[in-house]
Amino acid sequence: MRLKVWGARGSVPAPGPEMNRYGGNTSCVQLNFGNGEELILDAGTGIRTLGLDLVSSPRVNILLTHLHLDHIQGLMFFPPCFRADAEITVWGPASPEASLEDRIARYISAPLSPVEVRELPCSVSFRETPPIEWQLGSVTIRCEAINHRGPTLGFRITDGETTVCYIPDHEPALGTVLDEVEPEWISGHELALDADILIHDCQYTDEEYPAHVGWGHSAMSDTLAFASRVRARRLLLFHHDPLHADRFLDGLHAAARRRWGELGGDPTAVEMGIEGAELEVPPAHAGVTAPA
Amino acid sequence: MPAQRPLELILARNLLTSISTPAFLVDETGSLVFYNEAAGALLGRPFEDVGRMTPEQWTATYGPFGEDGRPFGLDELTTTEAIRKGRAAHAVFRIRSSRGAEHVIESSAFPIVASEEGSSGAMIFFWPLENNGSGADG
Chain A
0 MRLKVWGARG
10 SVPAPGPEMN
20 RYGGNTSCVQ
30 LNFGNGEELI
40 LDAGTGIRTL
50 GLDLVSSPRV
60 NILLTHLHLD
70 HIQGLMFFPP
80 CFRADAEITV
90 WGPASPEASL
100 EDRIARYISA
110 PLSPVEVREL
120 PCSVSFRETP
130 PIEWQLGSVT
140 IRCEAINHRG
150 PTLGFRITDG
160 ETTVCYIPDH
170 EPALGTVLDE
180 VEPEWISGHE
190 LALDADILIH
200 DCQYTDEEYP
210 AHVGWGHSAM
220 SDTLAFASRV
230 RARRLLLFHH
240 DPLHADRFLD
250 GLHAAARRRW
260 GELGGDPTAV
270 EMGIEGAELE
280 VPPAHAGVTA
290 PA
Chain B
0 MPAQRPLELI
10 LARNLLTSIS
20 TPAFLVDETG
30 SLVFYNEAAG
40 ALLGRPFEDV
50 GRMTPEQWTA
60 TYGPFGEDGR
70 PFGLDELTTT
80 EAIRKGRAAH
90 AVFRIRSSRG
100 AEHVIESSAF
110 PIVASEEGSS
120 GAMIFFWPLE
130 NNGSGADG
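Going down the list, the sequences are from chains A and B. Here numbering that gives the first Met the number 0 is used: the first residue of the first sequence is 0, the next is one more, and so on. Here numbering that gives the first Met the number 0 is used: the first residue of the second sequence is 0, the next is one more, and so on.
Take these hints with a grain of salt, some might be off.
As the list claims (entries may be wrong) - Counterexamples of contact, computed for chain A against chain B with all Cβ distances above 12 Å: (1) Pro182; (2) Leu192; (3) Arg246; (4) Arg257.
Stated by the list, open to error - Covered stretches of chain A (in silico footprint by chain B; criterion: 3 or more residues with CB under 8 Å from a CB of chain B, positions within the stretch not fixed): (5) 82-91; (6) 139-153.
Quick caveat, the hints were computed from the structure, so don't treat them as lab data. For every residue, glycine included, the Cβ atom is placed at its ideal position computed from N, Cα and C.
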């Protein structure tokens, strides 16, 4: 399985020369599987450039974790939306309030948008995710509600022996101590257990977090504690705060690697979500050590 | 490893951990899956010492009991009503701590409903009304 990050920023796009290395586009990750199939995780502004890269894939599946703007803002600028030969399926969380299509149409409609969903030339369908796992081609997808603000999902995607877990917005430590609580009481635990790579929220430093408790995002130490509890083999720190410029994120990365090493893991297993980065995700037992 | 709890139960437990009102958390079967420190003080034992209990186990251990000392049937419990009907239920009854002290309790049970499939459990809050003189727990 190959993974490409098209946007790793959280909350709001953060362009600027001081953001060049990690990138300013919001959440979007592309997964390519061995048989040529692919999946897109979230439709933040990174999906626009992803769409420019898609020249021969008119059938697209997009999994939305939730409908906060930084996860859907790019949808209206996704080039396949304006191709008549494109078939786009958008999957996202159910809500008792309105259908997925109606909730997304609040954004893709006047006065926020010059076009309406019904005007898009592509064939687009909106599907609320099933409460159990389902298949898309050869890939098995499972989702679970996780702790964030509003209906929010995490995804576990398995292709053969390789598993990716994507939980970009998550505050599992809210009201609990991750090192002490039993695993069944940790939001997202089963979803992320033994993943070959865990892509997880790491919006705040430990020093910043106290001013943001309950906002739905994680401090670095909580991200590492969660990754340790679920025995993640690799960890991709994601959803960077828009205030965090490249040099700041370099420091956060170094601190996270030190902490992971202190927990007994291989420091090189902690990586940063970097816009444009491509990673090969080998299956389990690839020799990377998770903390005991 | 026990199955992952639904998110709404996890959040309910985190809430109960953070408050000083005595409270129970039961799952969709009525099994006791958590009670907080304030409830532990009332019952004489922290949850960590007793762990998960089936409805039969926790009612046999703690009650509730009526004025005549008769234990309530499972169908009479506020928790059962909350889970089965998806509505809040309210009652006054007696409970017995692990040290034998009896307390008159005012209790409200609130169902936790996250989908159309029904309740994932209930939160039960307790307000001690009086102590019957048999001794308070520490």
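Right, here's what the structure says about each hint:
no.	hint	in the structure
1	Pro182	violated (6 Å)
2	Leu192	violated (9 Å)
3	Arg246	holds (35 Å)
4	Arg257	holds (29 Å)
5	82-91	violated (count 0)
6	139-153	holds (count 4)
Of the numbered hints stated above, those contradicted by the structure are hints 1, 2 and 5, listed in ascending order.
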